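Engineer: Spelled out from the first residue to the last, the chains are:
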Amino acid sequence: MSGVQFDPAAIRELAKILRETDLTEIELVDKDARIRVARQITVQAVHATMAAPAAAPTATAPVAAIEAVSDAAHPGAVVSPMVGVAYLSPEPGAAPFVQLGARVAQGQTLLLIEAMKTFNQIRAPRAGVVARILIDPGSPVEYGEPLMIIE
Amino acid sequence: MFGKVLIANRGEIALRVHRACQEMGIQTVAVHSTADNTAMHVRLADESVCIGPPAARDSYLNMAAIISAAAITGADAIHPGYGFLSENANFAEMVEAHGMAFIGPSPAHIRMMGDKIAAKDAMRRLGVPLVPGSLGALETFEEARAVAEQILYPVLIKAAAGGGGRGMKVARGPDELEEAFRVARAESKAAFGDDSVYMEKYLDRPRHIEMQVMADNHGDVVHFGERDCSLQRRHQKLVEEAGSPVLSAAERDDLGAQVTTALRGLGYRNAGTLEFLWQDGQFSFIEMNTRLQVEHPVTEMVCNVDLVKEQVRIAAGERLGYTQDQVRFSGHAIECRITAEDPETFVPSPGRVDMYHAPGGLGVRVDSALYSGYTVPPHYDSLVAKLVVHGQTRAEAIARLKRALAEMVVSGIKTTLPLHQRIVADPEFQAGEYTIHWLEKFVSRGG
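Going line by line, the protein sequences match chains A and B. Going by this note's numbering, the first residue of the first sequence is number 1, and it counts up by one from there. Going by this note's numbering, the first residue of the second sequence is number 152, and it counts up by one from there.
Please keep in mind that the hints were generated in silico from the structure rather than gathered at the bench. Treat the numbers as computed from the prediction; the structure is a model and nothing was measured. Check each hint, because a few of them may be wrong.
What the hints assert, rightly or not - Reference listing, derived: stretches of chain B covered by chain A, where coverage requires no fewer than 3 residues with Cβ under 8 Å from a Cβ of chain A:
id: 1; stretch: 197 to 211
id: 2; stretch: 253 to 261
Unchecked claim - Partner residues are not named here, just some residues of chain B that face chain A (Cβ under 7 Å, in silico):
id: 3; residue: A216
id: 4; residue: A582
id: 5; residue: T586
To be verified - No farther apart than 25 Å at their CA atoms in a straight line, the calculated lysine to aspartate or glutamate pairs in the DMTMM-like style are these:
id: 6; chain 1: A; residue 1: K31; chain 2: B; residue 2: E244
id: 7; chain 1: B; residue 1: K155; chain 2: A; residue 2: E114
id: 8; chain 1: A; residue 1: K117; chain 2: B; residue 2: D431
id: 9; chain 1: B; residue 1: K340; chain 2: B; residue 2: E330
id: 10; chain 1: B; residue 1: K155; chain 2: A; residue 2: E20
id: 11; chain 1: B; residue 1: K155; chain 2: A; residue 2: E27
id: 12; chain 1: B; residue 1: K592; chain 2: B; residue 2: D493
id: 13; chain 1: A; residue 1: K31; chain 2: B; residue 2: E330
id: 14; chain 1: B; residue 1: K155; chain 2: A; residue 2: D30
id: 15; chain 1: B; residue 1: K553; chain 2: B; residue 2: D476
The beta carbon of each residue, even a glycine, is placed where N, CA and C say it ideally should be.
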């Protein structure tokens, strides 16, 4: 099959991500192009969710949203209880509810999820430090999607 | 035409809708519970959105979550499949209020046919033959007794908010009437929140024969013939045939004409099925389903039509593009509903399917979301596959069905495959001699 364009560096990078994260399969879709890198383990892989193109600054190909098994399983993970659009600030232009590294109390509002024109406050299930913010403001989220890691 | 359709269902029908959309160049969005993360249609759909935990109430019946998922993915239309929200008029209205198309009938017709008394009323006024019975809800026991004396025993008391065989009590004589009436009301109130009941003559050996109709938004209506769904156990269909072994083409045309005239009069849109009881050559309307039915494939095989695509085209505003005389019936089709149940005790058997092999060959179709390694979740109904065969004659279809059933492998869980094999081998089934009571008797005698 001659003339098939692919980026060996991208494939090596994907393979590295597979090994480092214990995923078994990564699939990237960009219009007509599709790359899938997979390996056999006995663990069942969580498939990639919505294809939300988020252009990385130096990436040569747009990257589809990847849901790593490790994020959702993290003991400090705050997962979405609903489907909607996540916002990190109380209103556009305002400061975000929490910053990376901030200490939060149990019950403190971390972000908003908007669905059907109502805004729902997502609260910290326990006190801790915001270790990671996993979503971009204004991005759609599904039920069970990891939003933040509070350690 | 729609750019993106959200499939508000799961299992084999979600895969069915995905396939039709894919062939039409329409993007699909699969919404699913966490129990269905690895479902086949979720894997194949262009996008997927997890909408809730396993319980149907929190996922597939969760209207807000489904509408939100449609909003965030930019879906133009929602196909509700069958069951779940497919006959929920409020959901249909909500979909339309959010600027999306509901791929199905209008909310008003869904509501009308959901009320079994209103449905019969509408059909009576449109000239469709009915089972003799009360003209409306029975308010008092005295009223019930008066109607029973007029239509003669045995009689059936039915819940107006019921349907699908639920909420029915038989009274074979006047001494049974009072208890049947009171118990039916109480059960109806408990199950449906509404104690309205009505009465019908009880037919002792009817066949269940239903008519498939399709109407566009411009007033064109056609029928796609009948299906005989008499083989039922506890009001659940197991085997369906297109056409009925007992109807002639003339009888089909006749009933079809009555039905299409009625629906034209109603201004009905999209797919629908009118269910009748047939006894001694007479048809009696019992209810109408305002959605696609599980057994739609047998009609598709005989009429060479893709009913899901027709639903989508109609919802997008297209005309049918053909008239009744262009609908052709060719050969005979039979469907076996294969469920994840013990073939003798019917105890549910969810779990991991370690080996799945679908039969193939000319005239064989399998609609199933199974694959080797798939785990059938315990939270939903037990239908796992529909094996559909088509033959030039009923005899050929039966021979093909026997052969296909023998080839099919679903191992790791129990299924009703062996039961279907026994049904197909039975001389009465092969002769087409059965009524709606036949299968219960067959099962209880260990046939």
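Engineer: Are the hints correct? Go through all of them and say.
Structural biologist: Going through the hints against the structure:
1. Coverage of the stretch 197 to 211 of chain B by chain A holds. Counting CB-CB distances below 8 Å, 9 residues qualify, and the rule asks for three or more.
2. Only residues whose beta carbon comes within less than 8 Å of a beta carbon in chain A count, and the stretch 253 to 261 of chain B has 0; fewer than three means the coverage is violated.
3. With 7 Å as the threshold, the beta carbon of A216 (chain B) comes within range of chain A, its nearest partner Cβ sitting at about 5 Å, so the hint holds.
4. A least Cβ separation of about 48 Å between A582 (chain B) and chain A goes past the 7 Å threshold, and the interface hint is therefore violated.
5. Given hint, T586 (chain B) at the interface with chain A, is violated; its Cβ is 46 Å from that chain's nearest Cβ, farther than 7 Å.
6. Between the alpha carbons of K31 (chain A) and E244 (chain B) the distance comes to roughly 34 Å, so the proposed pair goes past 25 Å and is violated.
7. For the proposed pair K155 (chain B) and E114 (chain A), the alpha carbon gap of about 22 Å is at most 25 Å, so the pair holds.
8. Between K117 (chain A) and D431 (chain B), the direct Cα distance comes to roughly 57 Å. Violation of the 25 Å bound is thereby established for this hinted pair.
9. For the given pair, K340 (chain B) sits about 15 Å from E330 (chain B) by alpha-carbon distance, which is consistent with the 25 Å threshold.
10. Straight-line distance between C-alpha atoms of K155 (chain B) and E20 (chain A) comes to about 35 Å, which puts the hinted pair past the 25 Å bound.
11. Distance hint between K155 (chain B) and E27 (chain A) is fulfilled; the C-alpha atoms sit about 21 Å from each other, no more than 25 Å.
12. Pair hint K592 (chain B) plus D493 (chain B) holds up; C-alpha atoms about 18 Å apart against a cutoff of 25 Å.
13. Only pairs whose Cα atoms come within 25 Å are accepted, and K31 (chain A) paired with E330 (chain B) is rejected, the gap being roughly 66 Å.
14. At roughly 17 Å between alpha-carbon atoms, K155 (chain B) and D30 (chain A) fall within 25 Å of each other, so this suggested pair holds.
15. About 33 Å separates the Cα atoms of K553 (chain B) and D476 (chain B), which puts this hinted pair outside 25 Å; it is violated.
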